[in-house]
Amino acid sequence: MTVSKIKGINGPVVTADSEGLFVSETVRVGKMRLLGEVIALSGDDATVQVYEETGGLTLGEEVVGEGEPMSITLGPGILDNIFDGVGRPLRDLEAAEGRFIGRGSSVPSLDENKKREYTVTAKVGDRLGEGDVFATVPETPSLLHKCMVPPGVSGVVTEAVPDGEYTVRDVLVKIRAADGSIRELTAAQRWPIRKRRPVRRYLPPTEPLVTGQRVIDSLFPVAKGGTAAIPGGFGTGKTMTQHQLAKWCDADVIIYVGCGERGNEMTGVLTEFSELIDPRTKRPMTERTCLIANTSNMPVAAREASVYTGITLAEYYRDMGYDVAVMADSTSRWAEALREISGRLEEMPAEEGYPAYLPSRLAEFYERAGAAETLGGDRGSVTLIGAVSPQGSDFSEPVTQNTKRFVRCFWALDKSLAWARHYPAINWTDSYSEYRGELDPWFREHVGPRFGEYVSRIAGILASEQSLEQIVKLIGDDVLPDDQKLILLVAGTIRNGFLQQNAYHAVDTFVPLEKQMRMMETILCLYDECAAVIAKAVPVSRIAATGIFDSVSRMKYEIGNDDAAAFDAVKRKIDAAVAAAEA
Amino acid sequence: MKIYYKGAKEISGPLLVMRRIPGAAYDEVVDITDGSGGARRGRIVSLDGDHTVIEVFEGTGGMDLSGTSAALVGRPASLPLTKELLGRTMNGAGVPVDGMGEIVSSVERDINGEPINPVSRTYPQNYICTGISSIDVLMTLIRGQKLPIFSGSGMSHNELAVQIARQARITGDDGAKFCIVFAAMGIKRDVADYFRKSFEEAGVVSRTVTFLNLSSDPIVERILTPRCALTAAEYLAFEENMHVLVIMTDMTSYAEALREISSLKGEIPGRKGFPGYLYSDLASLYERAGIVKGSAGSVTQLPILTMPGDDITHPIPDLTAYITEGQIVLDRELEAAGVYPPCSALMSLSRLMKDGIGDRFTREDHAAISAQAFACCAKVAEVRSLAAVIGEDELSESDRGYLRFGREFERRFLTQRKDEARTIGESLDLLWDIVSTLPRESLNRIEDKYLDRYYRGK
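From first to last, the protein sequence lines stand for chains G and Y.
Using my numbering, read the first sequence as starting at 1 and increasing by one per residue.
Using my numbering, read the second sequence as starting at 1001 and increasing by one per residue.
Misleading hints may appear alongside valid ones.
Unchecked claim - Listed next, with one range per pair, are the computed distances between beta-carbon atoms:
| id | chain 1 | residue 1 | chain 2 | residue 2 | range |
| --- | --- | --- | --- | --- | --- |
| 1 | G | Glu347 | Y | Gly1273 | 10 to 20 Å |
| 2 | G | Ser360 | Y | Leu1065 | 38 to 48 Å |
| 3 | G | Met1 | Y | Gly1059 | 38 to 48 Å |
| 4 | G | Gly102 | Y | Thr1437 | 56 to 66 Å |
| 5 | Y | Arg1075 | G | Leu41 | 44 to 54 Å |
| 6 | G | Lys31 | Y | Gly1273 | 34 to 44 Å |
| 7 | G | Leu41 | Y | Asp1193 | 50 to 60 Å |
| 8 | Y | Gly1013 | G | Glu347 | 22 to 32 Å |
| 9 | Y | Val1104 | G | Gly104 | 27 to 37 Å |
| 10 | Y | Arg1440 | G | Arg572 | 17 to 27 Å |
| 11 | G | Val507 | Y | Ser1263 | 52 to 62 Å |
| 12 | Y | Gly1023 | G | Met1 | 19 to 29 Å |
| 13 | G | Gly102 | Y | Gly1023 | 19 to 29 Å |
To be verified - From the structure, some residues in chain Y lie toward chain G, with a derived Cβ separation under 7 Å:
| id | residue |
| --- | --- |
| 14 | Ile1268 |
| 15 | Val1292 |
| 16 | Ala1388 |
By construction, these hints were calculated from the structure, which means they are not laboratory data.
Quantities reported herein were computed from a predicted structural model and do not represent experimental measurements.
Don't be surprised by glycine CBs; every beta carbon is placed ideally from N, CA and C.
If we strip away everything but chain G, and leave its shape as in the complex, we get (with noise of 0.2 Å):
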C-alpha cells in the first residue's frame, strides 16, 4: 500500500506526491478516507479525482493508494438493486449512514452475508477455460446468474463444493493453473470499470431489440447489440422515452444509469419498476433490473464513472449469454463531468470548454456493446442506448455530434412536437436507423413478409406531407389537388394514429409487433380504397367527412394487442365509409 501526502485542493481535484501511485489507481484520501482515482501523474505531482465532496481536507493529509485501478464486484446481488456512481449499494448505505449520504464510507456493493441456493456445475478434474460457469444461483426468480471464472484465469478443478447455500464469500471452486498455482474461485469476481470485458469474437447485428414502441420498432429499430441515441431539448421526453424503453424492451436484464439526473426521477423509477409486472416473465420489473443513481447534486467524478460502471456490469450478465440492454441518461451530464474535471485540470479545451479527448470517449463508450460469442461460447447482446440533452437544443453542440458518429440509431426529439403533446416526439424526418436493412430478413422471417414494404410505404407518405406542408404554410390547403389533400389526411392518421404512442394508456403502452403491422396495413388499405375512389373524382371532403381518418386514428386504443381479429372489422369500416363517400 502506497501512502503520500495532500499538496493542494481544488474542488474534486486534489494534488499530492506521486511517488509509489500509479495511474487509475484507486485511492483513500485523507482521513475521512474519500474514495478517488489518479488521473495523472508528473514529475512529484499525482492528479487525483476525488468522488466524494472534498470540503474539510487539509494540506498533508495522507493518500493511500489501494493498488488497483477503478473497480466493481461483479456476482449475484446487482439486479434488483441500486447503486452510486462508483458502485456502492444504496439501500446499505441508507441502513448504515440515514437519509443524506455521507463521505468516506466504505460499504461492500453486494451483500456479503445473505446466503443463496447454489447449483455447482463443475466437478473435480474438470478442465474450466475462462468464461465457463462453475455454478449457478437464481439471483431473482426472473434470472438464472452464472458464476463464470473470470477472464485470463483457466485449470482443472481440483475442489468443488456440494449445492448448497453460500455467500458470495464463499470459495465454490478450486482450479489448478497450467503453472501449477491454485486459484480460488467464489461466486464475486472484481473487474476494472474503464476496462472492456473481453469475448472471444464480435458478431454482427441480427435481431432487432423489441420496444414495443411503434415509431421506434417500425420505422427506427434497433438492433441486440446495436448502438442508440435519443438527443432532445429538455422537456421533450427523453426521461420518459428511456423509461418505456427500459420497462417493455426485450431484454433480459436492463442496467439504468441515471447519471446527473434528477433525485425525485430516480425514485420515480424505484416506485414504478416495483410495480410493473414484466409482460413475458410474469414478474416485477425490477428482478431484471440494476439501477444506477447518481444524481446531478452527488459528486462529480463519480458522476463520470456511473457510465462506465453500468457497461461494466451490463458485459457481465452479455457474457452469461443474456441480451442486456443498458440506458445511460444523460450522457451529456457525463461529457459535462469530463469537462469540469478536465478544467480543474486546467487542460487546454477543444469546443465549447469540452477536452479534446471527448470525441475518443464516446468512441470507447459506445464500442463496448455488441452482439458478441462470449468466452463461454454463448451468444449475448449489450444494447446501448444514450440520451444526450444538447445544450439550448442545439443539435450541432459537440456531445450530439460527436456522439452521432459513434451510433448507428439516431431518435431525434423535437421541441415542436412535445410541445404538442404529440409523444414519443421522435422527429421522423431527421431521425435514423443504420440498422434498418440489416434487420429485414428477421422483420419478413418473424413479423410478416411485406413489413419492411409497409414501413417504406409510410415513411414515404410521411414524407410527401413534409413537402405538402410547406406548401399549405404558405397558401393554405385549400388550393391542393384532392389527391395531395389525402395524403395529408392519411399522413395526420399516421401521426395520431401510429407515431403518437400514449405512455399511460394500459393497452397503447407497448404494442406487439403483430400489432403494429396490421396498423400499418390499415392505415395503407385506407390511403388505398381513398386514392381509388379519389381517381374516380369523389372528393375528398365526402370520404372526410365520414369520420373515417378519426374512427381508424382510435384502433390503437380500442384493439387489443391480441385481438387480429379486430382489425378485420375496421376494414370494413374503411370499405363502408369509402362506399358512402363514392354513392
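Fit chain Y to the known structure of chain G by using the hints.
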C-alpha cells in the same frame, strides 16, 4: 484563542490570496481583519503548497496587503437552525439584519448540505393548490417539486410569486404547517420591499424566513444566499415536519455572480463565459427539494429567473430546465396583451404532474382535459401563423373555431385577478366551458366517458 496569519500576497475582486495557512481545510471559513481593524469573513476556495485562496464574503474594498490577516474558524460555512427562524430576516450569509438579535441554537449545519440518498426519497405525489388556473390545471405544482418560473425583465414574475405564496394551500388536514423561505439574490431594493410588503399584507410574515442579498450587496454572499435558505428549508421540512415553499429570486443574478468569481479565479470558461461547473452548481441547489422518508414535511422550490434577452436557450434557463422538474414560462406577448398571469401553456411543463392529479388528488378528468387543452393550444398556434399569412377570412370554419377558442382561453382561463384564488374544481369547469366551444368529435385526447359527463357543447 484564534491565531491570525499575516501574509496577503494578492487581492483581486472578492479574492484574497494568502501565503499558506497551516492546517487550513478546503471550504473552511476564515475570519479576516483588514488594516483598519474591520472584521470580515471568507472561505477557502483553493489550496496548494504556497497559496491559500480565500473568497471574502463582504468584498475586499478597503483591504491592503500588509494590514490584512486571517484566522481559521475550523468549520465550513454553517447556519444555526431553529424554528425561531420563522419571521426573521437575514442577510445573504445568514446573519440577522432585522435588529432582533442573534439566532441561537444548538443545531448548526454546513450550508452546503448533503445529497439525499435517492432510496430515502419519497416520490412526490400530492399537489399544492395555488388558486391560479393555468398552474393548477396545466402545470400542477407538486409537493417536493422544483418548478422554476422563467421570466424576462419587466414581466410580472414577482406578482405571480407573491400570489402563489399567498394563496398556496396544501389539501388535507396538515394545511397549518405551511411556511415560506424567501431567498433574494441580487434583486433591487424596491423589489425586496414589494415582497416584504406583500407578505405583511397577506399576514404570512410570521411563517416566512427571509434571506436578503440585494443587488448592491457583495457577490460572494450571493453564492451563499440560496445555500443558507435551503439549509433552513431542509431543517424546517425534515426535522420540524413543515411543508416549505422556497422562493428563490433571481437565479440569473446568482449565476452571474458565480461567473464573476469564476473568471476572477482564472477558470476556463464554458458557454457564454459561465464556468464549466454551472450545471453541477445549480444542481447542488435545485436537488435540495423533495420529501424524505420518515419526515412529514417537504421542500418545494419555486426559483425565479429572468432569461437574458428572453432567450430560453441561454445557459441559465437551459441548464435549469435540465435539472428542475419542468418550468413555468411567462410569455411577453401574453403580457403585452394584458393577460395576467402570462403563463405560456405550450412552453410550460410540470414533469411530476402526471402522478399528482386525477381522482385521488384533483379530479378524474384532469389528465384528459389538460392533454386536450395542450393539443388545442398547439393547433391555435398553427392556425394563427397560417392566419398571419393568408388572413383570417380565408380560414376554414374549423380553423376559425380554434381562433375563437384561443381568445377565450386567454381571456377567461389564463387571465385572473391578482387576488383571485380559484379552486381546482372551478378551474377545471372553466376549461371545460371553453373546450366545449369546439366540436366534440375534434376532441381526440379525451375518452368518451369524460366527454359524456363534462362536455357542454352541442
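Hint numbers contradicted by this structure = 5 and 16
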